[in-house]
Structure formats: C-alpha cells, structure tokens
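Start from the sequences, fold in the hints, and give me the full structure.
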Amino acid sequence: MTILQLGILALLAVVSGRLKGGRQIVLLGASLFVMYWLQPLQEFVSLTFWLPTGTIALTVLVWLVIAPAEMRTWRVNANAVITICAVILLIDLNQFFGFDEIYMTTTPRLWMIAAAVIGYLVLLWGVAAFPMARRYLVGLMMVGIVMLLIYLKTPSLITSTFDFIHARRGQEPGLAAYALSWLGYSYVAFRLLHTIRDHQAGRLPPLSLGEYVNYVIFFPSFTAGPIDRVERFIQDLRAPPPLEDPDWIEAGRRFFVGLFKKFVIADVLFFISINDVLVAQVNSPGWLWFFLYMYSFRIYFDFSGYTDIAIGLARVMGVRLPENFASPYLKPNLAQFWNSWHMTLTQWFRAYFFNPVTRSLRTRNFPTPIIIFITQVSTMILIGLWHGVTWNFLWWGIWHGLGLYIQNRWTDFMRSRLGDSPPAAWQQLLHVLGVFLTFNFVSLGWLFFTLSTPALTLNAFAKLLGIIW
Amino acid sequence: VNKVRLLHVLLKAAILYVALNLAFAFFDPALGNLSVYNWLVRGRERVPYEREVEYYGISHTIPVYEDMNAMYRSTTLSQPKQADEFRVFLLGDSSAWGFQLRPEETLNSQLNALNLTSCDGRRITVYNAAFPLPYVMKDLLLMDELLAYEPDMFLWLITLDSFRNRNVFTGHFLDPYSDRVANLVGRYDIQNLETGRMKDQTLLDRTIIGQRSRLKKVLLLQLHALGWQATGLDYYYQDYQSPPQDLPGDELFFDIPPGQLGLEDQMLFDVLAAGYQLADDVPVLTVNEPIFIASGVNSDVRYNTFYPRWAYDEYLNYLQAWMTENHAAYLDAWDLLPASEFTDTPFHRSPAGERILAQFIAPTLLDLSCGK
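Protein chains in written order, with our numbering: chain A, -17 to 451; chain B, 32 to 403.
Heads up, some of the hints might be wrong.
[What the hints assert, rightly or not] Derived DEER-like restraints, expressed as beta-carbon distance ranges: (1) A:G152 <-> B:Q390: 54 to 64 Å; (2) B:I240 <-> A:F279: 39 to 49 Å; (3) B:L254 <-> A:R346: 26 to 36 Å; (4) B:I240 <-> A:I(-10): 15 to 25 Å; (5) A:R151 <-> B:S330: 51 to 61 Å.
[Said to hold, decoys possible] With a cut-off of at most 25 Å between alpha-carbon atoms, the simulated SDA-like pairs for lysine to any residue come out as follows: (6) B:K248 <-> A:K445; (7) B:K43 <-> A:L376; (8) B:K247 <-> A:I(-15); (9) A:K445 <-> B:Y268; (10) A:K135 <-> A:L376; (11) B:K403 <-> B:D312; (12) B:K248 <-> A:L(-12); (13) B:K247 <-> A:L(-12); (14) B:K403 <-> B:K43; (15) B:K230 <-> B:D175; (16) B:K34 <-> A:E232; (17) B:K43 <-> A:F242; (18) B:K247 <-> B:L235; (19) B:K403 <-> B:V313; (20) B:K43 <-> A:L(-12); (21) B:K403 <-> B:T355; (22) B:K34 <-> A:L376; (23) B:K247 <-> A:T(-16); (24) B:K230 <-> B:G241; (25) A:K445 <-> A:W230.
In case anyone wonders, no lab produced these hints; they're calculated from the structure. All C-beta atoms, glycine included, are put in the ideal place defined by N, C-alpha and C.
Below, the structure is given as structure tokens:
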C-alpha cells in the first residue's frame, strides 16, 4: 500500500468512527469498497473484479451455514444485503462512470453479474431449503477453504492453470511464472475457519450478516492482520467504547509510528537486505551476515509497521485489534519468540491445530517427547506452508519446528540440572546468551524465507559459515 | 481544551513545515556533500549510473544526475588532490563511462595502468568523470562542475552524435540546471543550443517538496554504497549481440536526410568552443572516438547502424578543419579499432579496444602534461 492509500484509509476510519448511527453499515460499505480498491490488477483482468466478489460470496455462504435461524431473517439483514449488492453494482457500474484513477473500468458486463447473482441465489436457496445439508456443508466448506488456500499458495499450480487457459485460447504461454494475488484471502480463510470451528464447538455467538462480513473483511486488518477473534471483535462493533482524547492520541501514535516503521525504516533497509542477488555477489562472510541482519530488522519493521497502522486505524473506529508483536527479537528463547512474533497467527494455530493434535496424541498414550516433536514440527511446517507451498517455506517450518523441539528438550534437561531457578548470576548470563542465540537462529531461518530456492539457501549458509567462497 | 491544544500543535507543525521548505529553497543546503563514500566506504571508480530501475539493486547504484555534487562526491575524484598527482578528468558518453566493462577495464583505468608520469614528475591519474549520454552540452556542464576538483587536464571524448541537440528524450539532464545552462549560454555566446524546452525553476521546485525526488536519490545512493563496498559491482552485465555487419540501405542520420546536417548552424560546435574557453588554462585533449565500421550489406552506404557515410564523412572533415582553425589539441581515432573490438553498440569498446585506445592517446597526453 502507498502512503496516499493509507491516508485515505485513515480519513475513512476517522469518518466511520465519528458516526453515531448507521456505523456498522457505513463500515461494511467502506470495507467492501476498500477490498475492491486494493485488489491488485490480475493477469486475467476480469479476476480483479471476481476475486473480491468471490470473497464476499464465500463469506456470505459460510455465514448462511453457521448463523442461527433467528439471525437469518430479512428484517435483521436487509441493510447488509442491500449494502453488499449496492457496492458490487456500483463497482461494476464503473465501466460507465469511468473513474479509472480509482478502479478499473473494464468490469464485467451487467448480464454477467446478473447471471452470477442468480446462480448464487439458487445456491443460497438450496442451502436454506435443506437444513440437513448444512451439517455436511460445514465440513465441505472447511475442506474447500483449505484447498483453495493451498491452491493459491502453490506457484506451480497457478502457473499450470494459466498455461492451460492460454493453451485453450491458443495463446503462447508466458515466459515468467504467473501470480494470482487474491488480496487478503490468507487472512479471510483463517477467520472463516475459526468461525466454522467455533460454530461446530457451539462457541460462536449469533451474528447478523453485516456483523459477520464486517468481521471477515474489516478493512484495517484485511490485508495483513492481526487476526482478531470474532467474539471479541463483535463486542467493539456492537458497542464501541467512547473515544476519549487519550484514545485519539494513542490511535494517532500507533498510526504514525507504523508509517515511520514501514515507509522509513523498512523501506530503507530494503536496499541493504539479503536477497538472491547479494548471496551470489557478496565476497565476504562479514558482509553477508550484515545483510542478513538487515533483513531481519526489515521484515520486523515492515510487518509490525503494518500492524501498528491497522491497530491505529481500528482504534479510531472503536475497535481494539489484538497486538501482533511484543519485542520478539529481545526474547531469550524460541518459544518466547513465537509468543511475540505474529502472535495472532500462532494463537490461531495453537487453538485450532496444536492443542487438538496434542490432546488427540495424549489420548493415544504417545510418549511426551514424541508428542512434543510431532506437534511442534507439524505446526511450524503448516505455518511455513501458509506463507507459500514451496520447498523453502517447508524448510523454514522444519527449521523452527526442530528449533522449538530442541529448545524444549534443552530446557527440560537444564531444569533437571539447575532446578527451576538457577543462581541470579547465571540467569542474567543465560538471558543475554539466549537473546543472542535466538536472534541468530531466527535470522538464519529468514534465509529460507527470503531466498528463492533450497540450493541458494544452502549456498548462503555455506558462505555465512565461511565454508565456501 | 485538548482540542484547542491539538489545533495549536497542528498549526505549529504546519508553520514549521512551510518554514523548513522555504529555508531549504532559499539556502539550498548542499546535501550532496554529505556522502559516505571515500570515508565509510571506498569511492566509486565512475559516476553512478544504470539503465533500468529494476537493475539498481543488482548493480548497487542509482543515477543522480540531478545532483552533480552528490554524483561526484561518490567517486574517487572527490578525494583530496595529492601533491604529486597530475589530475586528468575523462569526459564523454557511455563508451567513456565504460558500458559492458568492469571499472578496471575502462579507458581511464587502462591509461592509469600505463603508469604515466608528467615532465615535472607527477603521477598522471585519469579519473572517469563521464556520464553515459552523448551530448556535449552535458559535458560542458560537467566541466563547469569539475573545475572545483582541481583538474590539470580534461580528456574529452566526442562523436558526431554528441553534437546533436537533445530536445526530446534526454533534455532532462539539463533541466535541474537551467540557471547554470543559461549562464553558460550567455557567457560563451552559445547559439545553437535549443533551450526552448527548458523551464526556470519555481520557488516550489526548490523546496523540499519540489526536490524530494533528488533527495530520495541522494539518500539511496548512500544506501547503495554498502552493496558497492561489499561486491565491487556497479553495473549489470548482460549478454549482448555485436553490432550487425549487414546494414539497412537508407541514408538517414536519425531523421536528417543527406545535405541537411547543419554542422555549422544546428550542431553544437559552439559548445565545443565554449569548453575550451571554460577550461581556460587547463589543457583539453579532444578525441574523436572510434566507431564500428561494418563490412557487410550496404556498408558502402553506412558505416554502421548509427552513421550513414555521407553524414560521418561530412562531420569528420568539418571537425578536422575546426580543430585546425582553433589550434585545439585533438586526436582522431575514428577508425582506430577493428570491428572485433566493439561490444554491444557501434561505440562501446571491449577491454582490448580500450587498451589500444589508451596506448594511442598516451603520447599526446604526456606531451600536453608537459605543456607541449
């Protein structure tokens, strides 16, 4: 996102936050518009329209399946339905308005929209008319959301699809790999899965369509998190705490600190951060370590900057988004690092994967070290693959999974030797040493994250350690 | 009360913002002087340049022609002059800068490798001050800037293309220096330069807002210093095809038909004259640089894809007459190199080609350094 776009979002947030009545609907409309507006232009131009529309369609479908009957009445949802339809229609009408500075004007023809809406309404009617089917649909949708996520995160599948389409059209395939950028889907998927699982567990509060869609596509956190929990989000949405002066100051502070982190620090560090080219060019381990450390700081300032911006924007709308970072590079071990880096993501995986798998393995009487190994490595592999289904993200997950396991075993071993509280002098020394080791372990892990292939990563490891030049 | 305070804060911020911009516009702080080169990292061997934005990260560079100060501060020529040093500044286009060549392969490096010494025992050190654009007006502007770096001689590489008016796609090099260009035009009575496209800078142009692009580039140049120091690379080397031996049959020099070259009244020879006057007592050695001479189809019509024979021959005769008439130090190297010593264009030379040219130039350079 550019500073201008963020400025417009800030203005939108301030206006939405000041509203006394109709706040939810205005917020819904704003989030819908922003979703279309920020969607990057796609190889097949019409996808630029259909991908955000797909997000809405999927979200509405999930809501229809998980919402209780009393929340699915026309009276409760009329405003939201009209708002959603109106926004889609307005976006599509841009082919006549011609505001090409704001959004593309090559939107699909109206009859295409009408056909899609009719088809979709038939689907919704089917879901509503056969309540028994909804139970199966819940499971089916979970699988579908995950499969779609896997598809979008697998570059080779995307390229194959585009090549196939080009071949069908009799066109030459492109030279470079294709990218399909469905804005925000990674986070949308997590929010949808979270609500489906909570629905299955009977924990999901009753939600209207407007509330649910607002939660899923809330514009400050739509593209880069944090991943809020719906039961907490909905409290702020329904009854936002009054905005006092300190709230404005705090919101402004977070917003501007975020801008500074992202557009000054991170964007400057971009030029001196390790990448494929530097690994091939640099001729001393010292410089390579320097560029690696710069990357570590860059990714932190970039991501935490966006989080600060999101938290600041949401705050002026009366929504207190959860924190996502808590000085992660100052943590003395890897477990604490992961409790303070992209916290809402790790909390999500802990709640919906790590804990259930651990419980399941315990009931099967696996030895504790085996349980810890399986759960930690598999959780971290999944977190790695969530960033992209590539070998390097897989290795990144394994790197951290093994790191967490070794740290866990080492802590147990040391505790058996030194007891729960080692001497004070030891504690300080161990803390400093721990911070140093953790930071370096994480930094080395970023090699998998930022370099494009395992071979290049291995080469970088060898160069950093002075093995080859 | 808090809202009033907030308004006060915003008002103060706005006033400060305007005041800073105005102060910047009026005092024009030479931020280009603040360079990490030559102290934190080593200076570059040639001015920062790269053709495409996407290569900047690969070649650890960014062109900053908008700030000549920053541009030259990033190179070794801004280091203090040594007592035993005879400084020669190389001016010219992309072939002088060294497209497709590593810094140690360029013409100035090849001349330095000859370990030349002036009559008074000073080391002759040739610095690459060229910016890759064939345009003598740009060279004149650079010469004006370079006088501050204590030159003992200028080595000026030219070709026919350098004398064309660049009013379409490369005129922007002069844009940030409209005042200086106007001054040079007035001082040396330059008639042929087309200045219609140039605009005087407004007050807004001189503020931080107006200068933000330049300031950003200057900052990025400092950041790229680390990549330069770590890799020693300043150019993205790509595979290339040699210039074709078979040529098109037309006789146009760009869009100029035979007989309409206008060497006297349209080409920038008055800028060349201005260069000699500007340098004053600093000797200038002008070299008509080598060109690729094709031998295939239509080589009787054209020398290469750039030059039809009629235009280049006309230029060659005029140049020789002009140099004789003005008693200027001059070397003609146009046909010095075989076709095999050119790389990707009819002008860019191979390392071996640079070595041959350096050996060709060296005796005259030595003579001039001795005041002959």
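Against the structure, the hints:
1. Evaluation of the 54 to 64 Å hint for G152 of chain A and Q390 of chain B yields a pass: the beta carbon distance comes to about 58 Å.
2. For I240 of chain B and F279 of chain A, the Cβ-Cβ distance of about 29 Å falls outside the hinted range of 39 to 49 Å, so the restraint is violated.
3. With their beta carbons about 55 Å apart, L254 of chain B and R346 of chain A fall outside the hinted range of 26 to 36 Å.
4. Between I240 of chain B and I(-10) of chain A the Cβ separation comes to about 20 Å, which falls inside the hinted range of 15 to 25 Å.
5. Between R151 of chain A and S330 of chain B the beta carbons are some 45 Å apart, a value that contradicts the proposed interval 51 to 61 Å.
6. Proximity of K248 of chain B to K445 of chain A is assessed by CA-CA distance (about 31 Å); at most 25 Å being required, the pair is judged violated.
7. Straight-line distance between C-alpha atoms of K43 of chain B and L376 of chain A comes to about 52 Å, which puts the hinted pair past the 25 Å bound.
8. For the given pair, K247 of chain B sits about 15 Å from I(-15) of chain A by alpha-carbon distance, which is consistent with the 25 Å threshold.
9. Straight-line distance between C-alpha atoms of K445 of chain A and Y268 of chain B comes to about 23 Å, which keeps the hinted pair within the 25 Å bound.
10. Between the alpha carbons of K135 of chain A and L376 of chain A the distance comes to roughly 12 Å, so the proposed pair stays at or under 25 Å and holds.
11. A threshold of 25 Å between alpha carbons decides the hint, and for K403 of chain B with D312 of chain B the separation of about 13 Å falls inside it, so the pair holds.
12. Using a Cα cut-off of 25 Å, the hinted pair K248 of chain B and L(-12) of chain A holds, with the two alpha carbons roughly 23 Å apart.
13. Distance restraint check for K247 of chain B and L(-12) of chain A: the Cα-Cα separation of roughly 20 Å lies within the 25 Å cut-off, and the hinted pair is therefore satisfied.
14. Simply put, K403 of chain B and K43 of chain B have alpha-carbon atoms about 65 Å apart, too far for the 25 Å limit, and the pair is violated.
15. In summary, the hint linking K230 of chain B to D175 of chain B is supported, as the alpha carbons are separated by about 20 Å, within the 25 Å threshold.
16. For the suggested pair K34 of chain B and E232 of chain A, the alpha carbons sit about 15 Å apart, so the restraint of at most 25 Å is met.
17. Restraint check for K43 of chain B and F242 of chain A: satisfied, since their Cα atoms lie roughly 20 Å apart, inside the 25 Å limit.
18. Using a Cα cut-off of 25 Å, the hinted pair K247 of chain B and L235 of chain B holds, with the two alpha carbons roughly 17 Å apart.
19. Of the supplied pair hints, the one linking K403 of chain B and V313 of chain B holds, its CA atoms being roughly 13 Å apart against a limit of 25 Å.
20. Restraint check for K43 of chain B and L(-12) of chain A: the C-alpha separation of about 24 Å stays at or below 25 Å, so the hint holds.
21. Among the hinted pairs, K403 of chain B with T355 of chain B is consistent with the structure: their alpha-carbon atoms are about 16 Å apart, no more than 25 Å.
22. For the proposed pair K34 of chain B and L376 of chain A, the alpha carbon gap of about 52 Å is over 25 Å, so the pair is violated.
23. With a C-alpha separation of about 16 Å, the suggested pairing of K247 of chain B with T(-16) of chain A holds against the 25 Å cut-off.
24. This hinted pair checks out: K230 of chain B and G241 of chain B have alpha carbons roughly 14 Å apart, not beyond 25 Å.
25. In summary, the hint linking K445 of chain A to W230 of chain A is not supported, as the alpha carbons are separated by about 49 Å, beyond the 25 Å threshold.
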